[in-house]
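Number of protein chains: 2
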Amino acid sequence: MQNFDYMTPTRLVFGKGVVEKLPAALAPIGKKVLLTYGGGSIKRIGLYDKVLELLKGFEIVELPGIQPNPKYDPSVLDGVRLCKEHGIEVILAVGGGSVLDCSKAIAAGACYDGDPWDLITYKVKAKAALPIVDIITLAATGSEYDSGGVISRTDTNDKIGYIDPLLYPAVSFLDPTYTFSVSRKQTAAGIADAMNHTIEQYFAEDTTLLNDGFCESMLRSLMVNGRKCLENPEDYTARAEMMLCCTYGCNDILSLGNSPSGWPCHGIEHALSGYYDITHGEGLAIITPRWMDHILSGRTLGRFVKYGINVFGIDPSLDPWEIARKAIDATYSFFESIGIPMHLREVGIDDSRIGEMAHHIAVNEGLEEAYVPLDEQAIKEILIASL
Amino acid sequence: MQNFDYMTPTRLVFGKGVVEKLPAALAPIGKKVLLTYGGGSIKRIGLYDKVLELLKGFEIVELPGIQPNPKYDPSVLDGVRLCKEHGIEVILAVGGGSVLDCSKAIAAGACYDGDPWDLITYKVKAKAALPIVDIITLAATGSEYDSGGVISRTDTNDKIGYIDPLLYPAVSFLDPTYTFSVSRKQTAAGIADAMNHTIEQYFAEDTTLLNDGFCESMLRSLMVNGRKCLENPEDYTARAEMMLCCTYGCNDILSLGNSPSGWPCHGIEHALSGYYDITHGEGLAIITPRWMDHILSGRTLGRFVKYGINVFGIDPSLDPWEIARKAIDATYSFFESIGIPMHLREVGIDDSRIGEMAHHIAVNEGLEEAYVPLDEQAIKEILIASL
Chain A
-1 MQNFDYMTPT RLVFGKGVVE KLPAALAPIG KKVLLTYGGG SIKRIGLYDK VLELLKGFEI
59 VELPGIQPNP KYDPSVLDGV RLCKEHGIEV ILAVGGGSVL DCSKAIAAGA CYDGDPWDLI
119 TYKVKAKAAL PIVDIITLAA TGSEYDSGGV ISRTDTNDKI GYIDPLLYPA VSFLDPTYTF
179 SVSRKQTAAG IADAMNHTIE QYFAEDTTLL NDGFCESMLR SLMVNGRKCL ENPEDYTARA
239 EMMLCCTYGC NDILSLGNSP SGWPCHGIEH ALSGYYDITH GEGLAIITPR WMDHILSGRT
299 LGRFVKYGIN VFGIDPSLDP WEIARKAIDA TYSFFESIGI PMHLREVGID DSRIGEMAHH
359 IAVNEGLEEA YVPLDEQAIK EILIASL
Chain B
-1 MQNFDYMTPT RLVFGKGVVE KLPAALAPIG KKVLLTYGGG SIKRIGLYDK VLELLKGFEI
59 VELPGIQPNP KYDPSVLDGV RLCKEHGIEV ILAVGGGSVL DCSKAIAAGA CYDGDPWDLI
119 TYKVKAKAAL PIVDIITLAA TGSEYDSGGV ISRTDTNDKI GYIDPLLYPA VSFLDPTYTF
179 SVSRKQTAAG IADAMNHTIE QYFAEDTTLL NDGFCESMLR SLMVNGRKCL ENPEDYTARA
239 EMMLCCTYGC NDILSLGNSP SGWPCHGIEH ALSGYYDITH GEGLAIITPR WMDHILSGRT
299 LGRFVKYGIN VFGIDPSLDP WEIARKAIDA TYSFFESIGI PMHLREVGID DSRIGEMAHH
359 IAVNEGLEEA YVPLDEQAIK EILIASL
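Chains A and B, in that order, give the protein sequences. Here the working numbering is used: position 104 in the first sequence is 102, and no number is missing along the way. Here the working numbering is used: position 236 in the second sequence is 234, and no number is missing along the way.
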């Protein structure tokens, strides 16, 4: 078991109607608020009006239009400029993980005099960040309970995970009813995203019985409740449990004391959505079983056997290699069964830039340090198998 | 799924040698330190000297001699007096859960002008508390990651759980090597304590698949690693995993969104150790299977079946009632197998005060609100079955 140093200072306010607590939570943090959101779904579900009604008496500046795979230019740069111009005291992110990720980069950039890209690329360590409060409307990324965000830069195809303890939200509001209107496509991508977050932590060299059990519980719950959400989008209990599962995805609570795994599927997927702007959860679902195929070996067999038996209920009396292969097949089949396109070609990615992406990943993502080290050739093979 | 509002602001610093980080962690919190500890085990293992060496330059006032089932008089009262006399800025608790629990009550009492008992009994709500840092030497109570403490008052036989968000430790240091010298008796009691914390949360009306899985993982890990700790007290990996399991025991992470269970075994056990000063974990182990026997019914059968199959691996094809009874027997047998005396008579409790204790529990512990409501007669029957 590895040493660790861990703290999550975020307050989670969870359940139906909890947004009523927003003014009381926000008031001691700040009165000048940058309200960040995306393409307008929060207006369709009435949340935008609700927030403005609750925040009468606060000074609100808006940053709308934050896109999936949030962009450095214009969103982060615009947000930083607005914060500086208006003396913003707190950022209120309302939406999914992309809105929140973007808001985290803005929060750090607003307290820095230079180019915010310096912070995101760790050229300069942030000394401070504005406090962040969020209202989450999509169960997926877990950004509401972690200290990271992923920012894309279209001019360089970079998609960078920016992590700093300064970026934990102060308060995250999670009302599962706001996820009722999430589309089938985005619900499925959210399930795949959270499942992959768990898988990335489960497949590691040195894990504990406790963490293995936590991860297996997450995966079983995400599959059962994810399916229920797709069958009945207004199933409160299923939406709520899926939302809580997603919240734990990147918070380290599933892997405290494990050896680092390197999050290889994320390393690979960041290039896919950096180059092609695809939906992150779909990219992860496509990569995951191909990565599993690639890393299955005598060394990793035991992990796959445990995964297969405890997550998918595969008969433990079978030959271990058969269990492992069935487990990989079951992973693929589950993603396919919830409607995720399982080939890169289906999401608009052909073989024309495979070599370029493999090189970009090998240079930037440090996957030689992953649970099973991946060099440029290995990454290329995984990408080709995913076509 | 129930609404919840949750935050754990404690920093966990975990692993071999982490105590070296103590001065850096303590310095920004305060320089005037009340060092609290128990009967001297921290001197035997060299930790006392280590702490004093690390804290050269800090001003240290000592409160030694805190007993198991920590006492309001003299420990809490002495600690509060010392804090006020010396202008203490931070409490450093070094020892097991009792030392830390006592320190929490001192932390609140030091910031209050009246009788600290007002706070512990919630007659007055604490407005502030001194910050607390701890170094844990016993895996059991989970006090290092929760906001509660249990304080005993010998003149009234009261043993009261005092909970307030002000009481979360600022930093908890957990070095599993400090638990190598914990006796067989205390190791077993710690296993039972953490298992019961989990069971108290698992047996509830409305739970989630996720939380059920988390609890089942905790119980399996505690049994496997607990046995290893007893077989080889210096098995680092087992001691470490047991320590982390115990840390999660009372932190709510195992039951966020569950309906409240009322923690009935704790309600009953508090009277046992309040009246007879027995070891808390042993009292819980004795009560747990008798309480289970009492609450097994058509309504609760499903919980017991799930518990039996997922925690003890009982054959799911058996009759549900048989699975449930085997699960209760397995709970009893596990506690017995790790050397816990499983009858109240073995820990010095006869039938002479059963009625008085049952009445005290019924009046003070609110068990009419438990998962299965317990009135005075029910409590008496559970106590008699435990003799």
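Treat each hint with caution, since some may be false.
One copy or two, it doesn't matter: identical chains are merged, so the pair holds either way.
As the list claims (entries may be wrong) - Here are the computed lysine to any residue pairs in the SDA-like style, where the Cα-Cα straight-line distance is at most 20 Å:
#, residue 1, residue 2
1, Lys121, Glu203
2, Lys19, Tyr120
3, Lys82, Pro129
4, Lys304, Met221
5, Lys54, Lys82
6, Lys123, Lys304
7, Lys183, Gly55
8, Lys123, Tyr330
9, Lys69, Asp275
10, Lys304, Arg218
11, Lys29, Glu51
12, Lys29, Glu18
13, Lys54, Glu379
14, Lys121, Ser39
15, Lys14, Gln0
16, Lys41, Ile58
17, Lys304, Tyr330
18, Lys14, Tyr4
19, Lys29, Val303
20, Lys183, Ile251
Because the hints were derived from the structure by calculation, they are not lab data. Note that the structure is predicted; figures quoted are calculated from it, not measured.
Verification of the hints:
no. : hint            : verdict
1   : Lys121 - Glu203 : neither (30 Å within a copy, 52 Å between copies)
2   : Lys19 - Tyr120  : neither (35 Å within a copy, 25 Å between copies)
3   : Lys82 - Pro129  : within (14 Å within a copy, 35 Å between copies)
4   : Lys304 - Met221 : both (17 Å within a copy, 19 Å between copies)
5   : Lys54 - Lys82   : neither (22 Å within a copy, 44 Å between copies)
6   : Lys123 - Lys304 : neither (40 Å within a copy, 49 Å between copies)
7   : Lys183 - Gly55  : neither (38 Å within a copy, 60 Å between copies)
8   : Lys123 - Tyr330 : neither (40 Å within a copy, 54 Å between copies)
9   : Lys69 - Asp275  : within (10 Å within a copy, 62 Å between copies)
10  : Lys304 - Arg218 : both (13 Å within a copy, 15 Å between copies)
11  : Lys29 - Glu51   : within (15 Å within a copy, 46 Å between copies)
12  : Lys29 - Glu18   : within (17 Å within a copy, 41 Å between copies)
13  : Lys54 - Glu379  : neither (55 Å within a copy, 57 Å between copies)
14  : Lys121 - Ser39  : neither (35 Å within a copy, 48 Å between copies)
15  : Lys14 - Gln0    : between (38 Å within a copy, 9 Å between copies)
16  : Lys41 - Ile58   : within (16 Å within a copy, 58 Å between copies)
17  : Lys304 - Tyr330 : within (17 Å within a copy, 28 Å between copies)
18  : Lys14 - Tyr4    : between (30 Å within a copy, 15 Å between copies)
19  : Lys29 - Val303  : neither (53 Å within a copy, 52 Å between copies)
20  : Lys183 - Ile251 : neither (28 Å within a copy, 30 Å between copies)
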